[in-house]
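Participant: Chains as they are written, first to last, in our numbering: chain A, 1 to 165; chain B, 1001 to 1209.
Please note: incorrect hints may appear among the correct ones.
Stated by the list, open to error - Here are the simulated lysine to aspartate or glutamate pairs, EDC-like style, with alpha carbons at most 20 Å apart: (1) Lys-140(A) / Asp-1089(B); (2) Lys-140(A) / Glu-1105(B); (3) Lys-140(A) / Glu-1107(B); (4) Lys-1086(B) / Glu-1074(B); (5) Lys-156(A) / Glu-1061(B).
Since the hints were derived computationally from the structure, they do not count as laboratory data.
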Amino acid sequence: MKQPIPIHVGMADLVVSKHPATLTALGLGSCIGLVIFDQLSRTAGMAHIMLPDSSEAHKVSRPGKFADTAVPLLLDELYKLGTVKAQLRAKMAGGARMFPVSGKADHAIFSVGNRNIEATTRMLGAAGIRLVASDTGGSKGRSVEFSTETLKFAVKILGTGTNEI
Amino acid sequence: MDYHDKFTNIHMDVIQEVGNIGAGNAATALSRLLGRAVDMDVPIAEIVPIYDVTGHYGSPEMSVCAVLVRTEEEFACSLIFIIDEKKADIIADLMIPTDLSGMDESERTRIRNSAIAEQGNIVLGTFLNALSTITGWPLPTSTPSVARDMLGSIMSLAASIFGFVGESAMLIKTNLHIRGLDDEGLGGTVIMIPDPGSLERLLEKLGML
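Isolated chain B (complex conformation):
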């Protein structure tokens, strides 16, 4: 199935609204965690040809952190949160009470990665919670998995998975703003990749199919 064929503006509005509720909740959760005001931009849902996905948010060689979770059962899908690597590390350092400066590189990365897993978990978890509220489905998430890599490499994996079933990808972009920090780079984007058949179930549940 191709997203272009199935998705109308109304469907996109629903996904965007899910993102909206999710973003609000994620901002609140992050703000509690960091002890600072956090805002998230209104998410923008887009349908993009898979062949254009790698460069859609910037240079394919830009360094990013990506967090992957899956949910199974009623709505089997993969969710990936992508954020500029520098920004992810800045937020990670705010989450970690210890000073990491004296630590060796690999140990510091390991500790930061667990904080970044939690960032992704919060954003993707609240996104799924919003979806769960709307559908009434319990949508438990898997343990988050973290990658530090080129934007293009992460996006190309997403594009390939979308590519199994069609020619388009659904991307939801938002931006995290943390009070007192300069904004830079990619502030956060969520890619929701429903397993084959899941999207039909969702649209049916919402009475839209």
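Isolated chain A, as found in the complex:
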């Protein structure tokens, strides 16, 4: 059997790969690790989304940075590798609120995690891609690893171990 290629997906990165591969994103806080994969060919891609909406930004240098630009681009890249839309499924993790709410610190910018979850979910819905598993929200950061072998998303949280979705 071919060894899976380990791929690290940094902030605002967007990567696609044929099977076998493992796609990893370390220390997601308010960011989202979104993986879309073809159930049969096992070709998969991951986006490390930082912000919900590119229209709020001055410029869009990396499409992987925003939910509204990352989802269509990720799908395009997957289609280029010959995936079939009906076989595509999505899993996502992240979108934590890193600091507990307290008085003035409860500023709108700290709800960016929640807005990332909403925007990513909405974009998947608009594209007609089924979200089959997610581990989002809460107040703890996550490291994620997707295996094209098992099609499982391993979600690691500091102090509480790993949860496979």
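Knowing the structure of chain A, use the given hints to seat chain B on it.
Facilitator: For chain B alone, kept in the frame of chain A given last:
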């Protein structure tokens, strides 16, 4: 606005000087609190692309404590103090007169977290005081909020907030040394995240815009 576009070396020197005064005052305040000599390294201000921020100070999966405060009004901004989790707990235990060893885990964490909130409050508060002295603006701080998490997760939140307005983040790194304790891990870093428009106000106030 992008920090790369706006910040020249002179601006960075000013921020560094603010950090310098802040660090000196913070060391004095911590030293009084702990009853031990405390030194802080000369802070180093850096502009880092937001995409490189999560791993800038070490492994994204390293365990850290982070303290967040906000200030509003004249210079609306968020400040985050990040320190190695072990180191934060060691300092917390020096601040707490009671022996915590018999206590259950969650209660011990709760008490330590309030001491860590105070560490962050001292460091970030003195930093803001220095800024307040230079600008003449009153800069009251919010109640500190504490998180224990992976370095990468804390840094990625900061990167995202910077990411709303540009592609770069401003980081100020220092290191706390406490006499009689071995130094290890990340000794303390301050991330100042001005709200959109705040930085322009600051530079204008300092006659630099």
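Participant: Could you run down the list of hints and mark each one as holding or not?
Facilitator: So, going through the hints one by one against the coordinates:
Pair hint Lys-140(A) plus Asp-1089(B) holds up; C-alpha atoms about 19 Å apart against a cutoff of 20 Å. About 18 Å separates the Cα atoms of Lys-140(A) and Glu-1105(B), which keeps this hinted pair within 20 Å; it holds. Pair hint Lys-140(A) plus Glu-1107(B) holds up; C-alpha atoms about 19 Å apart against a cutoff of 20 Å. Taking the CA atoms of Lys-1086(B) and Glu-1074(B), the gap is near 36 Å; set against the 20 Å cutoff, the hint is violated.
With a C-alpha separation of about 10 Å, the suggested pairing of Lys-156(A) with Glu-1061(B) holds against the 20 Å cut-off.
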